[in-house]
Amino acid sequence: MAAVGLTQNLAALRALSTDGIVAGHMRLHLSNLILDTEAKPEERPPLLERLKERLRLQRRVSAADVREVLAEIRSRHPEA
8 MAAVGLTQNL
18 AALRALSTDG
28 IVAGHMRLHL
38 SNLILDTEAK
48 PEERPPLLER
58 LKERLRLQRR
68 VSAADVREVL
78 AEIRSRHPEA
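Read in order, the letters of the sequence shown are residues 8 to 87 in this note's numbering.
Hints in this document: simulated from the structure, not taken from any laboratory.
Do not rely on the hints blindly, as some may be mistaken.
[Claimed, not checked] With a straight-line Cα cutoff of 20 Å, these simulated SDA-like cross-link-like pairs (lysine to any residue) come out: (1) Lys47 x Arg34; (2) Lys47 x Ala70; (3) Lys59 x Arg34; (4) Lys47 x Leu37; (5) Lys47 x Gln65; (6) Lys47 x His84; (7) Lys59 x His36; (8) Lys47 x Arg74; (9) Lys59 x Leu40; (10) Lys59 x Ala70; (11) Lys47 x Glu79; (12) Lys47 x Ser82; (13) Lys47 x Ala19; (14) Lys47 x His32.
The structure displayed is predicted, hence computed values, not measured ones.
Starting from the given sequences, assemble the full structure and let the hints guide the process.
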């Protein structure tokens with residue numbers, strides 16, 4: 008039983024130290040940030056892609072970043 012417990016702890020530590028969990032958490036964070044904005048459903052996919060790129064470059068994304076990117080998207084594609 009002790010060996011199984013130690014193995015599980017080791018697996019958890021390994022998962023926490025790799026990019027897999029961190030990247031997954033940040034993608035979830037991006038989705039939550041997007042849902043907190045007034046982004047329309049059709050704006051969400053391009054917004055998510057732009058934020059993923061920003062996350063890759065900056066290693067962090069905030070609500071201000073989401074608002075900025077959304078404003079850029081809207082300025083390029085104004086409503087008719």
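Status of the hints after comparison with the structure:
1. In summary, the hint linking Lys47 to Arg34 is supported, as the alpha carbons are separated by about 19 Å, within the 20 Å threshold.
2. Of the pairs offered as hints, the one joining Lys47 and Ala70 holds, with about 16 Å between alpha carbons and a cut-off of 20 Å not exceeded.
3. Only pairs whose Cα atoms come within 20 Å are accepted, and Lys59 paired with Arg34 is accepted, the gap being roughly 8 Å.
4. In summary, the hint linking Lys47 to Leu37 is supported, as the alpha carbons are separated by about 15 Å, within the 20 Å threshold.
5. Restraint check for Lys47 and Gln65: the C-alpha separation of about 25 Å exceeds 20 Å, so the hint is violated.
6. At most 20 Å may separate the alpha-carbon atoms for a hinted pair to count; Lys47 and His84 meet this at roughly 13 Å.
7. In summary, the hint linking Lys59 to His36 is supported, as the alpha carbons are separated by about 11 Å, within the 20 Å threshold.
8. Proposed proximity of Lys47 and Arg74 is supported: the alpha carbons are some 13 Å apart, at most 20 Å.
9. With a CA separation close to 12 Å, the supplied pair Lys59 and Leu40 stays within the 20 Å bound.
10. Only pairs whose Cα atoms come within 20 Å are accepted, and Lys59 paired with Ala70 is accepted, the gap being roughly 13 Å.
11. Restraint check for Lys47 and Glu79: satisfied, since their Cα atoms lie roughly 14 Å apart, inside the 20 Å limit.
12. Annotation: proposed proximity of Lys47 to Ser82 holds, straight-line Cα distance about 14 Å (limit 20 Å).
13. Restraint check: the Cα-Cα separation between Lys47 and Ala19 comes to about 38 Å, which exceeds 20 Å; the hinted pair is violated.
14. The suggested pairing of Lys47 with His32 is violated, with an alpha-carbon distance near 23 Å, which exceeds 20 Å.
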